[in-house]
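Single-letter residue listing:
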Amino acid sequence: MAVLIKISIGLAMFVYLISGILYAVGLKTRHNQLFQAAKLAAITGVLANLTALVARTIISGRLPLTDGYEFLISFTFISVLLYLLYEKMSQSKTSGAVLMFIAALLLASVFILMPHQHGAYSPLMPALKSPWLTSHVLTAVIAYSAFTLGAALAAVQLVKKENNEDINVYRAAGGGFVMLSISIVLGGIWAEQAWGTYWSWDPKETWALVTWIIYAIYLHVYRSKGWKGSNANLMVVAGFILVLFTFFGVNYLLSGLHSYG
Amino acid sequence: MGHVFNNMFKISSSMKTGVALLALLAVFSAVGSSILPDRFYHLLLFNALLIMLFINLGLCTFNRCLKLRKLLAKQTDIIKQLRQWGLLILHSGLIFILIGGMINGWAGHSGTVKLAEGERALITRDKEGEKVTLFLEAFEIELYENNMPSQYLSRVSLYKGDRLEQQATISVNHPLQYEGIKIYQQSYGSMVDVTIEGQGQVDTFTAQEGQLLDIPGSSWQVKVFKYIPDFDPAYGMESKSIQPNNPRIIYSVYQDKVLMGVGAAPFGERIEIDSAAYVEFNGLKSYSVLKVKEDPGLPYAGAGGILFMLGAALAEINIFAKPRKSTDSKMAEE
Ligand code: HEM
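The listed protein sequences derive, respectively, from chains A and B. Per our numbering, residue 3 is the first one in the first sequence, and the count goes up by one each step. Per our numbering, residue 66 is the first one in the second sequence, and the count goes up by one each step.
Among the hints, a few may not be true.
The list that follows gives simulated cross-link-like pairs (lysine to any residue, SDA-like), each with its CA atoms no further than 25 Å apart [as the list claims (entries may be wrong)]: (1) Lys81/B to Arg225/A; (2) Lys131/A to Asn211/B; (3) Lys230/A to Arg148/B; (4) Lys230/A to Tyr253/B; (5) Lys227/A to Ala233/B; (6) Lys179/B to Arg148/B; (7) Lys305/B to Pro128/A; (8) Lys139/B to Trp134/A; (9) Lys227/A to Leu153/B; (10) Lys227/A to Ala88/B; (11) Lys387/B to Pro128/A; (12) Lys247/B to Lys288/B; (13) Lys145/B to Thr198/B; (14) Lys227/A to Pro214/B; (15) Lys227/A to Ile76/B; (16) Lys387/B to Phe73/A; (17) Lys131/A to Tyr253/B; (18) Lys81/B to Leu152/B; (19) Lys227/A to Lys288/B; (20) Lys247/B to Leu130/A; (21) Lys131/A to Ala233/B; (22) Lys95/A to Asn383/B; (23) Lys247/B to Arg225/A; (24) Lys227/A to Lys132/B; (25) Lys387/B to Gly231/A; (26) Lys288/B to Phe332/B; (27) Lys247/B to Gly231/A; (28) Lys356/B to Leu126/A; (29) Lys387/B to Thr136/A; (30) Lys230/A to Phe332/B.
Coverage of chain A stretches by chain B, computed from C-beta distances (three or more under 8 Å per stretch; other residues unrestricted) [said to hold, decoys possible]: (31) 18-31; (32) 179-187; (33) 208-216.
Sample of chain B residues lacking proximity to chain A, with all beta carbon distances greater than 12 Å (derived) [unchecked claim]: (34) His68; (35) Ile76; (36) Gly123; (37) Lys135; (38) Lys145; (39) Tyr243; (40) Tyr300.
Hints were generated in silico from the structure; no laboratory data involved. The structure presented is a predicted model; accordingly, all values stated were derived computationally and were not measured. Idealized CB from N, CA, C, for every residue including glycine.
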């Protein structure tokens, strides 16, 4: 099983990368077949990614939502899935390259930071045995994925100096914000049950709050004069960088209650 | 005068001020968590900022409440009406969360109690001054097949005066609740029963790990350093497993505060330190560490959290509405 998981993730990473390249070349040359191939690669990647998640669920006997490793592969899976849905609905393919490169990088970080974890899992420590925790992590994964999509859209808008998709940046960031809000409240409920404090200003909580505030500010100002367009999009990109910092920086550089995953 | 007041109200209730305060809060949190991770959030500066945000949110939400009828009448679309409700609920939720936090800051408190099996501790006094006590019947650790802990359980009885009020099992993620008090399983540890003999005088203690004991009539001291349930020299001071396969007490011996030796003793063995100085470790008592918390703000924060989640979902429900190209710009004005 561990080998299957490792191969699936390696394959997913590889085809996400190929897909990203195809999307990028497609943008330059405007060949529709390239976009078709890119989408096919992305779908292959999503299926491989899903295989890894299912295999992990089978060996551990619980949803793959408990440690940093599982978070990353779920996060990548939902991000690409959301992108494919978005592409289907909007018929726009301009952000595919950025998104697929991010997905490939996220999976690459699994190989760099956690090379031995594919089949490794340990039984849950008592504090982690809570349905609140599972729902907290699930909503966080969805929020992060929506922010990833939002950032990919916003980055393209910034580079191309366009604003025809600002409404979709708003939808992704707004949806991510709702999910992050729900996630933070669920996390608070869990912490209250497990540790007796719903908010303890540990580094992870603090940085999640900072991230959440950036998106709250974006939602308040994105349609006011000085902020419409690039400045607002810049905030969505900055928010995404904070999302990554909250995950990688806090998990691997700082410590706290959340340092186990 | 009235006009100054009016301006002040406008500024302190404006969304611009709110956004500026939010930005400050983000900067302060980020910087504070790096430079003063333990103390920052208790600083007056930081709490003043939260109170200002609270006032601003309160005024702003109050304003919107007054305008709600007008705002709703303007919208014919059900999604946009829901959005107005959502915005109100969302911001009210935040206000409740801040209220809950402030009440906890002023009136809440928490502490820990260490209880060995068969011990009793005072938890609080009720309004009439009667003692509320907690009695630990048993403390257990449940294990997975690979011997990692899967749950810590404290079987307790809660008394008011002499009257038994509640019997419960407290475990991680399952606190006990009793009239505004919550008791959580926080941690555990072991204490060691020790007999010490010096110049014919015999003393018994229940010592905590790290405790230093004087041997009567001598300049010797014994430190009960650590209990190791599964001792193996290859593992040093770490236990091979958490099961008591080879239980030992690591102890150290001092003379006139100078370390003279270290040993790993089994239970029930009389150890000779000097001609007339002996120590014996008789047995182990595990204790449970429980967190006792009283937070009168919790219901407010909890209600706020629920309102906030609900409101956020309603306020952003418009992201699922199909944007028609021509209305994109219009939508962006609301
Ligand atoms: C503490 C954190 C806050 C959060 C998380 C928050 C969240 C939100 C969200 C998600 C929206 C909807 C935005 C959209 O979808 O376009 C919103 C709108 C709004 N917020 Fe806040 N808010 C906060 C603080 C404040 C403060 C302090 C004020 C004002 C004093 C304020 C005033 C408003 C107003 C007036 C709107 C309506 C904007 C519009 O319809 O154009 N908010 N808020």
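How the hints compare with the structure:
Distance hint between Lys81/B and Arg225/A is fulfilled; the C-alpha atoms sit about 13 Å from each other, no more than 25 Å. Proposed proximity of Lys131/A and Asn211/B is supported: the alpha carbons are some 17 Å apart, at most 25 Å. Between Lys230/A and Arg148/B the CA atoms are separated by roughly 21 Å; this keeps the pair inside 25 Å, and the hint holds. Between the alpha carbons of Lys230/A and Tyr253/B the distance comes to roughly 55 Å, so the proposed pair goes past 25 Å and is violated.
For the proposed pair Lys227/A and Ala233/B, the alpha carbon gap of about 59 Å is over 25 Å, so the pair is violated. Pair hint Lys179/B plus Arg148/B does not hold up; C-alpha atoms about 50 Å apart against a cutoff of 25 Å. Of the supplied pair hints, the one linking Lys305/B and Pro128/A holds, its CA atoms being roughly 21 Å apart against a limit of 25 Å. As the CA atoms of Lys139/B and Trp134/A are separated by approximately 40 Å, the hinted pair breaks the 25 Å bound.
With a C-alpha separation of about 24 Å, the suggested pair Lys227/A and Leu153/B falls inside the 25 Å cut-off, and the hint holds. Of the supplied pair hints, the one linking Lys227/A and Ala88/B holds, its CA atoms being roughly 18 Å apart against a limit of 25 Å. Of the supplied pair hints, the one linking Lys387/B and Pro128/A is violated, its CA atoms being roughly 45 Å apart against a limit of 25 Å. Simply put, Lys247/B and Lys288/B have alpha-carbon atoms about 36 Å apart, too far for the 25 Å limit, and the pair is violated.
A C-alpha spacing of about 54 Å is found between Lys145/B and Thr198/B, which places the hinted pair above 25 Å, so the restraint is violated. For the given pair, Lys227/A sits about 57 Å from Pro214/B by alpha-carbon distance, which is inconsistent with the 25 Å threshold. Pair hint Lys227/A plus Ile76/B holds up; C-alpha atoms about 19 Å apart against a cutoff of 25 Å. Proximity of Lys387/B to Phe73/A is assessed by CA-CA distance (about 31 Å); at most 25 Å being required, the pair is judged violated.
Taken as a hint, the Lys131/A and Tyr253/B pair is honoured in the structure, with Cα atoms around 18 Å apart against an allowance of 25 Å. A hinted pair counts as satisfied when its Cα atoms are at most 25 Å apart, and Lys81/B with Leu152/B qualifies at roughly 16 Å. Under the criterion of a C-alpha separation no larger than 25 Å, the hint pairing Lys227/A with Lys288/B is inconsistent with the structure, at around 71 Å. Between Lys247/B and Leu130/A the CA atoms are separated by roughly 19 Å; this keeps the pair inside 25 Å, and the hint holds.
The hinted pair formed by Lys131/A and Ala233/B meets the criterion: a straight-line CA distance of about 19 Å does not exceed 25 Å. The straight-line distance between the Cα atoms of Lys95/A and Asn383/B is roughly 23 Å, inside the 25 Å bound, and the hint therefore holds. Distance restraint check for Lys247/B and Arg225/A: the Cα-Cα separation of roughly 45 Å exceeds the 25 Å cut-off, and the hinted pair is therefore not satisfied. Simply put, Lys227/A and Lys132/B have alpha-carbon atoms about 23 Å apart, close enough for the 25 Å limit, and the pair holds.
For the hint linking Lys387/B to Gly231/A, the alpha-carbon distance of about 21 Å falls within 25 Å, and the restraint holds. For the hint linking Lys288/B to Phe332/B, the alpha-carbon distance of about 15 Å falls within 25 Å, and the restraint holds. Proposed proximity of Lys247/B and Gly231/A is contradicted: the alpha carbons are some 49 Å apart, above 25 Å. Distance check on the hinted pair: Lys356/B and Leu126/A sit about 22 Å apart at the alpha-carbon level, within 25 Å; holds.
In summary, the hint linking Lys387/B to Thr136/A is not supported, as the alpha carbons are separated by about 31 Å, beyond the 25 Å threshold. With a CA separation close to 74 Å, the supplied pair Lys230/A and Phe332/B exceeds the 25 Å bound. Under a criterion of three residues with beta carbons nearer than 8 Å to beta carbons of chain B, the stated coverage of the region 18-31 of chain A fails, only 0 such residues being counted. Look at the region 179-187 of chain A against chain B: 5 of its residues bring a Cβ nearer than 8 Å to a Cβ of that chain, three or more, so the hint holds.
Here the region 208-216 of chain A counts 6 residues with a CB under 8 Å from a CB of chain B, which clears the bar of 3, and the coverage holds. Here His68/B stays apart from chain A, with its beta-carbon at least about 26 Å from theirs, past the 12 Å limit. Remark: the non-interface label on Ile76/B is consistent with the geometry, its nearest Cβ contact in chain A lying 16 Å away (cut-off 12 Å). Remark: the non-interface label on Gly123/B is consistent with the geometry, its nearest Cβ contact in chain A lying 17 Å away (cut-off 12 Å).
The non-interface label for Lys135/B is consistent with chain A: the shortest C-beta to C-beta separation is roughly 20 Å, beyond 12 Å. A cut-off of 12 Å between C-beta atoms confirms that Lys145/B is not in contact with chain A; the least separation is 14 Å. Against the 12 Å criterion, Tyr243/B stays outside the reach of chain A, whose nearest CB is about 14 Å from its own CB. Every Cβ of chain A is farther than 12 Å from the Cβ of Tyr300/B; the closest lies at roughly 19 Å, confirming the non-interface assignment.
Of the numbered hints given earlier, the model fails hints 4, 5, 6, 8, 11, 12, 13, 14, 16, 19, 23, 27, 29, 30, 31; all others are met.
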